[in-house]
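So the protein sequences, as listed, match chains W and F.
So in the numbering used here, spot 27 of the first sequence is number 27, and the numbers just go up one at a time.
So in the numbering used here, spot 304 of the second sequence is number 304, and the numbers just go up one at a time.
Because the hints were derived from the structure by calculation, they are not lab data.
Any given hint could be a false lead.
[To be verified] In silico lysine-lysine, DSS-like type, Cα no more than 30 Å apart, as pairs:
1. W:K433 - W:K302
2. W:K433 - F:K9
3. W:K302 - F:K121
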Amino acid sequence: MTSADRSALPGLGAPAPFAFPPITTDTLPNGIRLWTIDRPRSELVTVVLLLRHGSAADPPDRAGLAALTGDLLDEGSRERDGMELHRALQRMGGAFAAEVTSDGTFASVTALTRFAHQAIAHLIEVAARPRFDPDDVERVRDLRLNRLAQMERIAGSVADRAWLAGLYGSHPYAHSPIGSAPSLEGAGAADVTAFHERHFGAGGWTVIVVGSDAARLRPVVSEQLAALPGGGGAPAPPPPDPAPAARRLLLVPRPGAVQSEIRLGHLGAARTAPDHHALVVLNMVLGGQFVSRVNLNLRERKGYTYGARTVLDLRRGRGPFVLRAAVETSATADALREAAAEIAAIRGDRPVSDAELDGARAALTRGFARRFETAGQLAAAAMRLALFDLPADDYTTFVPRVAALDARAVAGAAGRLLQPERLVAVVVGDPDKLSSSLADAGFGEPLGP
Amino acid sequence: MPGALSYTKTTLDNGLDVIVHEEHACPIVAVNLWYHVGSKNERPGRTGFAHLFEHLMFEGSEHHDAGYFRPLEEAGGTLNGSTNADRTNYWATVPREAVERALWLESDRMGYLLPALSAEKLATQRDVVLNERRQNYENRPYGLAPMTLAAAHFPLPHPYHWPTIGVPADLHAVELEDVREFFAAYYHPGNASLAIAGDIDTDEALALAGRHFGEISTRPPPPPVAIPAGPSPGCDSRPRSFYVEDRVELVRLYFTWRTTALFEAGDAELDVLADLLAGGLSSRLRRALVHDRRLAADVGAWQDSREIAGVFAISVTVAPTARAADVEAVVTGELARLADEGPDPDELARVVRCAESAMASLLERVGGFGGRSDQLNRYNVFAGTPGYLAGDLARYRRVDRSGVRAAAARLAAECRIALSVVPLGANDAALPGAEPADAS
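Next up, chain F with everything else stripped away, as it sits in the complex:
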């Protein structure tokens, strides 16, 4: 197993963390930059902003006031970025000879974005984002389920309440001044982490990073995110069950619980529990629902742990002839069985081994989403050190039967939010007692 990734970390005078990892197998280098800002730094009425801003970062900066794709694609590179509730990342994977160009561009938009910003760019990218929203959410079966669930789990003013893609009315309301303020507050060296991984010597990489980013002045740390105090929402009242109608063929049920944040105690146990339930042919729910009783067309389970909270989810796409209530009984029963008996030792060992190979698979690449450079930044930003890979894997090796039992027991007992997505006009196919939900 890749027990650890070797790296060198330094922090520039302006506060930028620079992490270098050497891997010379392929003559390519990954440049990966994280800004510790996401949609949870937004406020109601101004949602979708962090993500729209990510689009604008590809549209040019003072010394290269043109698209960012051309100079890197024409250098043989590939590049992208993404935004979630907690962070925004930008990456380029380039041939060795293009690493200086990639760092030049990345640093130019960190230091000199605003002079190149224009109302035209903002208007076009807002239209692109509205189309992204239509394509990935509004016009996609089950596409509105995740935002419906997030809204239910995290009532306002919790900053996970709204979707990262944003509310259309908010996107229409964005003005240039908002963009400038956002940049000033969040896009500076002290709120960023740079990883360079691949076919490059550490000294050269550090020198290049210093030369390109060292001149950028830092700004005050961003304002803290207000985390609402009090008990977990949903757990001080009765379980809740909603339905939404959508242009879907088959009913899909989501059973969800608010859970722990990333790397918190219990997080790894919930990851393992998800795989025990729905990871492959022999997993408990897949076997019971898809194979043995044929009540479901598909089953999934995941622990979506984020920086300040998490949600555990089980999704079941119901077979045409099956009833939601029968599916629910099986889900409840399998959870109770795991809470009662725990997993077999061999079953647990198998799932942990698959977690290790899944990580090995991500780490085959130096760049891209989830590759080595992205993981080094993820650990640096969320765990405080780029070297947390070994500690992360150890979390899974430490999971024992009693930990899984406790995780399952917690889900069985605590308040659950269920969502039924049903075909238009078929609300009688929802879970019994489900109430209509507001889909934003």
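Just chain W, same shape as in the assembly:
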């Protein structure tokens, strides 16, 4: 047997063709959108219900209400209590999940394929007819309050929340879905019931089913969904932009911490921004993958951190753009300077090079197929189309659109996205070891939280 030629890395050749599987769409008379995707020979079926209302729809004095409502769905329906619901799920080899983001509520049941009918009925039962027993509401609320108290001890959570609040002020995106203790403490069954009545109307539902033999499931699902009363649930409009923030640094004390949690960023872009694809390529080069500028600098060259990333948090309105890293305490000011310099350089004197552009485009286009391997990944992909009102061919056009981007397009996106003069930084770390050096990090005197 001949050995490998080690004089050069093997080339790649033409990309293997991949087509996003077709989504069969239907709108029922009561307004429910039913989307199905066939995944042949799937052992599991995933059913997802999307509502286009999330924590941005929390009443101003009830931050955390949307997430509390989602958390309570599986605690009891009109027909069965939480224990019986859970036992029914287990009999399907199933799991229920409710996730709430700023713009959406996602409730899902995943189960063994042979229990597909029961999985769909289960999801409808908990989403349309939750019990919201006052005793359950109080108990789950208290568990979330405990969780909030614990999060105060997790440096990364403290940093995330302080940074969001610093950037967004009183905007609907300023709070994490879990909300805050003062607002949750007052929440009760009446709040949850009112939120459900206002936002869970079946007319606003999108139901996505991914599994094997999806075509045979359609009529059954359709019949169950069509029996629900329509009405309600028009999607919330994306919130307007918040007032622009000025460049500054907030220091949140964590005495004795051996690392500093750093957040650095500003307003990002909405998912529907016209230059979306260029922004995604830009972020890949800057901080979106292991070989990004930020990670290679802070981790691989300096060893300051286990990893550094930038995230474009894409939402219906303008979500955040943020760099995240946990760095050794003594390297905090240096890491901040380096990170801010990378953000400034890629829109200034070190724009994305041809080699970087090639690499990021290839990573995204050749890496496209593996994002759609599992039933859960396919369901999440369909959900994004529904949440952001994207064109039906969004996944078909992604690869050609990214492949067609040139350096000018990416430089343009960098000029529009990145605003070094508006960077808001948060450091959660040991104040005794940090305060003197942070004043020289390029953000002025650090401010209190």
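Once you've looked at the hints, dock chain F against the given chain W.
Relative to the frame of chain W, chain F by itself:
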């Protein structure tokens, strides 16, 4: 259910096991390589080494003396590695057209790592690992609990005594010569298992594996791991209870027992017992502690079975107004009830079905941690055949009520090690009688 995964296995002349699994649903291929070496192959004073070495494996080899992420990320791939007490794994999931590149790189670092090794790479990756330790253990609430418990369950010279991430002083002491010796002893074809899974024909995969790995010469088998003889530590003395102070908001209690190794008799029963106790809303401890009596904010239970021993653990995060002793009484009571009555037949059947769907969920993917290629290697290395999936699932289907009763009875009777993690200065919130522990 995925009763079995089809595969072809061959062993190259140099001793490398090659396993191929075809799955053409998505045009991607997983390349997964296990080395049968972990932190249990280290020795005191030189801990953290297997894991630090894993980092160095991404930093370049003789024919590609540069980072391993760029050529694979730019090929549309994703890649990672991990180290535990027993094994180190490396994987890349790539589009079909990049499989040869992935195998070229994987084989280059197996055959030709040392010429590209440098003191600079070692120094940088040591700093990265020290930051990994700070991020995941030292600066994380409850982060030091697992290593505190391992140290208590496995007194020296047991090789599960020290944490895989290592002791900082040992990491600082590492020298290049240590790296070279480690590579020579453990990183060779006879101590490795390669799985290729996905959109590739078996013949092509076997040919590619042979062409890239066949030239690498093998070395003597690694020295055996010395397993201390004698009774299970902790069970020849009174039960022990420790506490540590940490920057936490709520007290967390760990109730732990030294148990069986992976795939040994009784291992599956302990897995099932863990789910009966804490798997979801209707499980016994969650219901009693979180739902009915509101003594706890969270409950977990797991059987952590490793190659030569295991630990069964129950963790309870105590509600702000509750007392540790009341939680302990409920835990002890529920264990005694299961030992006495056993689970309801329906309750047992439900939990076993969830174990099956959990496996189906892992097997949706060809690559990554826990995906098909990783499972084939796991079975090959720890069970002696890649085809053990059916046997593994059968273990759970065979679990009956009397087996669960016996498992619970064993925990109720045998010596237990308890750990209370309490807020700074709040050692009165620990379990009664707890003594201070040494957190390394």
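Unmet hints by their number, sorted upward, for this structure: 2
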